[in-house]
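Construct the entire structure; sequences and hints are all you get.
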Amino acid sequence: MAKVGDRVRVESKDGVHEGTVLPSPENQKNLLMLKLNSGYNIGIKLDKSVKIKVLGTGTKAEPLPTIIQKENKSLPSISLIATGGTIGSRVDYKTGAVQTLMKPQEFIANVPELAQIVNLKKISRPFAVWSENMSHVEWQKIAQEVAKELNAGAEGVIVTHGTDMLHYTAAALSFMLKNLSKPVALVGGQRSSDRGSFDGALNLICAANYCKSEIAEVSLIMHGEDADTYCLAMRGTKVRKLHTSRRDAFRPVNEMPFAKIWKNNFELLNSNYKKRTNEKVVADTKFEPRVALVKFFPGQSPDIIDYYISKKYKGLVIEASGLGHVPIDTKDKKLGWLPKIKKAIDSGMLVCFAPQTLYGGLNQFVYAPARQLHDAGVLYLGDMLPETALVKLGWVLAHAKKPVEAKQLMLANLVGELNPRIPEEAFLY
Amino acid sequence: MALDYKQIGLKCGLEIHQQLATKKLFCDDPSALRNDKPDFTITRELRPMAGETGQIDIAAVFEKKKRKFYIYEGYKDTTCLVELDEEPPHQINQDALEITLTVARILHCKFPDTVQVMRKTVVDGSNTSAFQRTALIAFDGFIETSFGRVGIQTVCLEEDSGRRITEDQDSVTYRLDRLGIPLIEIATAPDIHTPEQARECAEKLGMLLRSTGKVMRGIGTIRQDLNVSIAGHPRVEIKGVQDLRNMPQIVEKEIERQQVAISSGEKLLPHVRNVKEDLSTKFLRPMPGAARMYPETDHPLIVLDEKHIAGLKLPESFEDKEKRFLKLGLSADLAKQITRDEKVILFETFAKQFANTNANVIASTLLSVENEVKRKLGKEIILTDKQFEGVFHLLNKNKLTKESLLDVFVKVAEGISADDAAKSFEKLSDTDLKKEIEKIKAELKNVPPDKLQGIIIGKLRGRAEPSKIIEALKWQK
Numbered sequence: 001m002a003k004v005g006d007r008v009r010v011e012s013k014d015g016v017h018e019g020t021v022l023p024s025p026e027n028q029k030n031l032l033m034l035k036l037n038s039g040y041n042i043g044i045k046l047d048k049s050v051k052i053k054v055l056g057t058g059t060k061a062e063p064l065p066t067i068i069q070k071e072n073k074s075l076p077s078i079s080l081i082a083t084g085g086t087i088g089s090r091v092d093y094k095t096g097a098v099q100t101l102m103k104p105q106e107f108i109a110n111v112p113e114l115a116q117i118v119n120l121k122k123i124s125r126p127f128a129v130w131s132e133n134m135s136h137v138e139w140q141k142i143a144q145e146v147a148k149e150l151n152a153g154a155e156g157v158i159v160t161h162g163t164d165m166l167h168y169t170a171a172a173l174s175f176m177l178k179n180l181s182k183p184v185a186l187v188g189g190q191r192s193s194d195r196g197s198f199d200g201a202l203n204l205i206c207a208a209n210y211c212k213s214e215i216a217e218v219s220l221i222m223h224g225e226d227a228d229t230y231c232l233a234m235r236g237t238k239v240r241k242l243h244t245s246r247r248d249a250f251r252p253v254n255e256m257p258f259a260k261i262w263k264n265n266f267e268l269l270n271s272n273y274k275k276r277t278n279e280k281v282v283a284d285t286k287f288e289p290r291v292a293l294v295k296f297f298p299g300q301s302p303d304i305i306d307y308y309i310s311k312k313y314k315g316l317v318i319e320a321s322g323l324g325h326v327p328i329d330t331k332d333k334k335l336g337w338l339p340k341i342k343k344a345i346d347s348g349m350l351v352c353f354a355p356q357t358l359y360g361g362l363n364q365f366v367y368a369p370a371r372q373l374h375d376a377g378v379l380y381l382g383d384m385l386p387e388t389a390l391v392k393l394g395w396v397l398a399h400a401k402k403p404v405e406a407k408q409l410m411l412a413n414l415v416g417e418l419n420p421r422i423p424e425e426a427f428l429y
Numbered sequence: 001m002a003l004d005y006k007q008i009g010l011k012c013g014l015e016i017h018q019q020l021a022t023k024k025l026f027c028d029d030p031s032a033l034r035n036d037k038p039d040f041t042i043t044r045e046l047r048p049m050a051g052e053t054g055q056i057d058i059a060a061v062f063e064k065k066k067r068k069f070y071i072y073e074g075y076k077d078t079t080c081l082v083e084l085d086e087e088p089p090h091q092i093n094q095d096a097l098e099i100t101l102t103v104a105r106i107l108h109c110k111f112p113d114t115v116q117v118m119r120k121t122v123v124d125g126s127n128t129s130a131f132q133r134t135a136l137i138a139f140d141g142f143i144e145t146s147f148g149r150v151g152i153q154t155v156c157l158e159e160d161s162g163r164r165i166t167e168d169q170d171s172v173t174y175r176l177d178r179l180g181i182p183l184i185e186i187a188t189a190p191d192i193h194t195p196e197q198a199r200e201c202a203e204k205l206g207m208l209l210r211s212t213g214k215v216m217r218g219i220g221t222i223r224q225d226l227n228v229s230i231a232g233h234p235r236v237e238i239k240g241v242q243d244l245r246n247m248p249q250i251v252e253k254e255i256e257r258q259q260v261a262i263s264s265g266e267k268l269l270p271h272v273r274n275v276k277e278d279l280s281t282k283f284l285r286p287m288p289g290a291a292r293m294y295p296e297t298d299h300p301l302i303v304l305d306e307k308h309i310a311g312l313k314l315p316e317s318f319e320d321k322e323k324r325f326l327k328l329g330l331s332a333d334l335a336k337q338i339t340r341d342e343k344v345i346l347f348e349t350f351a352k353q354f355a356n357t358n359a360n361v362i363a364s365t366l367l368s369v370e371n372e373v374k375r376k377l378g379k380e381i382i383l384t385d386k387q388f389e390g391v392f393h394l395l396n397k398n399k400l401t402k403e404s405l406l407d408v409f410v411k412v413a414e415g416i417s418a419d420d421a422a423k424s425f426e427k428l429s430d431t432d433l434k435k436e437i438e439k440i441k442a443e444l445k446n447v448p449p450d451k452l453q454g455i456i457i458g459k460l461r462g463r464a465e466p467s468k469i470i471e472a473l474k475w476q477k
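So the protein lines, in turn, are chains A and B.
Note that this note's numbering numbers the first sequence so that position 125 is 125, with each residue one more than the last.
Note that this note's numbering numbers the second sequence so that position 23 is 23, with each residue one more than the last.
Watch out, some of these pointers could steer you wrong.
[Said to hold, decoys possible] No farther apart than 25 angstroms at their CA atoms in a straight line, the calculated lysine-lysine pairs in the PhoX-like style are these: (1) Lys53/A to Lys110/B; (2) Lys51/A to Lys110/B; (3) Lys148/A to Lys121/A.
It should be emphasised that the hints constitute simulated quantities derived from the structure, not laboratory data.
This is how it looks when you write it as structure tokens:
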């Protein structure tokens, strides 16, 4: 029987074909996938009439070129931490359609411009995980690695990451990196690094430029528009993926980006940032995982809260409607949320509201239901993004000694997650 | 003296690319080329990638050296995120797939059980994704020519590239209207052994594609590449063969060039050439490397159903179509010509739509009026389906005479609407004819009466039949 990688000659009712055996699709083991000499792949159903002759064995994926790390002391030294995602993935053309995770040295080889901007003193990959498979455990590991690099002399750190859940990690690092004194750039790619249209190249170049800046904040650096012109540096707690596939999927919400960054240019748009210092960075990563995010929708039963009470959750963020509402005076009493919310608070759970509109802030004083919810003990989190609120809640609950302290911390602006003022120009920026 | 093609070991193969008249292959945009001002442009960079074999494709590096960035032009209503490489491809267009399967069946091809859409690396910037999506749909077929059978190696379905608009030192501008239009690519075996056979084979393939009734028409909608080699010379691919009538001459000139190249003793490499105006060719780029394809992981495998393919309705044969056209009253000559012309679909539509008009007039106009207008205006013109329709509509309503057709089409080709163009050629009612004659007579007081009739007929050409004018003049006397 021919194995993956074998060169074979296949005779079937569809004629005679020579090529290399590729892996069969997961759910179709009786399909022989063949890469023909022309480069095309076809599938041949394996039935009794098919004759396979092995002509040669062991075609392997050829190694990719990797960058040779040369120290260039005249440039600022930075570190790069790779964690997985599209930015470091490729299709292996010889062994089939599987997306594999590349070594960082391999995908950075496609961006030779980096060597002219910074001295990449260390490249590491603590793990390779798609972003949707991550949890607070990975956030903690990344925070520790970043702190280690910065304290070891890096002028800045680039973290490459899958884009789907990148804004959660961005928020997590914002809270976990205490006394952050240097730029930390989170970077992803919406097109994989084996494509000529790899968008991560510009993102990496602009991230390197960001690492040379004075902005000692956790920022997400991705395309500013769908052209390969400039990137935006967006605060880690005020950014969200707002498109499934565009290069400029990440947008700042309720706040202007820190900067527009080109390959050879840098324009500051928002000077509300912490300046670079020599302070020692502390990875303060304690996290309470029993927190959840619930999106309210019309007609939704509040019974869902019972589940979280029964599972002993410590905190809940509810994506509330409008200025911060869930139903209270409903015809069908079972659809009123106030009793269940009171029950959750009585059980010791911290219940917070964040805006499901994403843009704008909550206000508990405009409509009567919100006043009742607020009086019952719901924390109104202003213009905090729901995802940021969830991450903050987990971090706060692991740090506050008493419930009252947890409440105070949730309502305080720790790392720019709450905006005292929302600029007009920040909407749909 | 004629060359002995057998002795020099002439081998030719054809690669035909035909655009299909469906929506785009991987999105819901229409397959329409546009000449109005684009609504937006975006700038992109493409980089050569150590993609699949760990080696960057040599053709890719060659292109990369030339340009820094690419500018893409798009339209709000006909360019979507797929063409912009901002969204994964949608499911392959089913109509385009059906047409391809039909063509492959006429070519006696075999089909794989499962088709995989591939990415073929292109780094000249003509595709925003830096690859062209292509799928091998069928293989191992043949087509008969009067010189013998020519094998069909492959039938592929692929997306067309962006349209090159301008370029300067730093950038190339492409329009995205063409990007993603479905193309059938038919590659023959190198079984063609004379220049005339190349022409015949290309013509037959073109006719066969048109017989499906679902292909685009006009310049650029079908493109032929020629592979030519003689003994001692590696394969040369010639791009940009526009007019099939020139094919034999292009092959002759390439044979001559290859003979000179062989005698020069230089190391010869396979490469790609472009046809020049004098039908000789110039070097375009090295032959792309073979390992340029990897799977389009964003598209599922396509399972081909044997029964479905066997049950596909094949298009009417040329013979049957000709017979049907004869019944419409077409002359034998016109029936034969229009059957094999790309405007056959238009003819069928108009013959039905304008039943009041002689089918011979419709057919002969479709076949020749563009060339006649071109001669008058001294430039290449293409009339759109709508333009034809507009003029035939007036003809059918008896508002035009067939004598004025050419003059009306000249105006239409210059951008005037059919209605406006026809105004000066509108058929005169009997009363208006008399009035016009009086008017001309008054203007031409000094012209001798014996010459008057000829002048009036000339002046009113197209607006009244000569016999009517003569009659009217008689009456006025």
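Hints versus structure:
A C-alpha spacing of about 21 angstroms is found between Lys53/A and Lys110/B, which places the hinted pair at or below 25 angstroms, so the restraint holds. Between Lys51/A and Lys110/B, the direct Cα distance comes to roughly 17 angstroms. Compliance with the 25 angstroms bound is thereby established for this hinted pair. Among the hinted pairs, Lys148/A with Lys121/A is consistent with the structure: their alpha-carbon atoms are about 13 angstroms apart, no more than 25 angstroms.
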